[in-house]
Amino acid sequence: MSAQVAPARRRGLADEVADRIRDAIFDGTYAPGSQLREVELAEALGVSRGPVREALLKLDREGLVRGEWHRGTTVTSLSEVDVAELDSLRAALEQLAVGLVIDRAPGLAAVDAAVARMERAADAHELVRCDLDFHDAVYQAAGHRRLSEAWQAIRSQVHLFLLTRIGVDTDGYLAGIPAEHRQLADALRAGDREAALELFATHRQHAFDILTGRS
1 MSAQVAPARR
11 RGLADEVADR
21 IRDAIFDGTY
31 APGSQLREVE
41 LAEALGVSRG
51 PVREALLKLD
61 REGLVRGEWH
71 RGTTVTSLSE
81 VDVAELDSLR
91 AALEQLAVGL
101 VIDRAPGLAA
111 VDAAVARMER
121 AADAHELVRC
131 DLDFHDAVYQ
141 AAGHRRLSEA
151 WQAIRSQVHL
161 FLLTRIGVDT
171 DGYLAGIPAE
181 HRQLADALRA
191 GDREAALELF
201 ATHRQHAFDI
211 LTGRS
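Numbering of the sequence shown is given in my numbering, commencing with residue 1 and proceeding in unit increments.
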């Protein structure tokens, strides 16, 4: 007897709805802690509640929203534990990525392009997007598929981490962050492992300190 497989379902609409809600979170329309109501989202997006429900489940798996039976679905507000765990995991992944980039000495055109976009960013939310693009490019340059997949698994939460950081303080953010990333790119190009790792660690620590009130 042949194995029975359930029919495939099209999930294109739910994926599109998830993209729209994710973008609204990332551009500040829905701040951390905001309530996300299925009925209101369905009406705003012109879809039924089914795709919205599927989309919210997908975003829940990304860690971007949290569904609780007594509160409904809300945009994730990062706790102190969340912040500490994201920071430590990001550090572990980034140390491997930076080491691999130094070893491989690949072209860094995508990294440089991300920095150039950061220098043209019009506001803090656009700069956060460019910041994530920069780190995407670093992981791509590392040439390690599973490492890139591990980064993608926490990328949305890191985006939320950075949004929370600019919610605390944007003083000097637009002026300073692009130059900071230019230094990171230069360190990768120079091939000095110790200097690059130290600069990336300082970069992470700066965001962590602001978010946790230690700066």
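Since the hints were derived computationally from the structure, they do not count as laboratory data. Accuracy of the hints is not assured; some may be wrong.
As the list claims (entries may be wrong) - Simulated DEER-style distance windows between Cβ atoms:
#	residue 1	residue 2	range
1	Arg37	Gly12	39 to 49 Å
2	Asp19	Glu68	15 to 25 Å
3	Thr170	Thr202	18 to 28 Å
4	Gly28	Gly172	31 to 41 Å
5	Ser48	Arg214	18 to 28 Å
6	Ala44	Ala105	23 to 33 Å
7	Glu119	Glu85	42 to 52 Å
8	Asp209	His125	19 to 29 Å
Even glycine gets a Cβ: it sits at the ideal position worked out from N, Cα and C.
Hint by hint, here is what the structure shows:
1. The hint said 39 to 49 Å for the Cβ distance between Arg37 and Gly12, and at roughly 23 Å that hint is violated.
2. The supplied range of 15 to 25 Å is met by Asp19 and Glu68, whose beta-carbon atoms lie about 24 Å from each other.
3. For Thr170 paired with Thr202, a C-beta distance near 20 Å keeps the hint of 18 to 28 Å intact.
4. One distance hint, 31 to 41 Å for the beta-carbon pair Gly28 and Gly172, is violated here, with the actual separation near 19 Å.
5. Between Ser48 and Arg214, the C-beta spacing of about 46 Å breaks the proposed range 18 to 28 Å.
6. The hinted range of 23 to 33 Å is not satisfied by Ala44 and Ala105, whose Cβ atoms lie roughly 48 Å apart.
7. Under the hint 42 to 52 Å, the C-beta atoms of Glu119 and Glu85, about 31 Å apart, miss the expected range.
8. Taking the beta carbon of each, Asp209 and His125 are about 21 Å apart, inside 19 to 29 Å as hinted.
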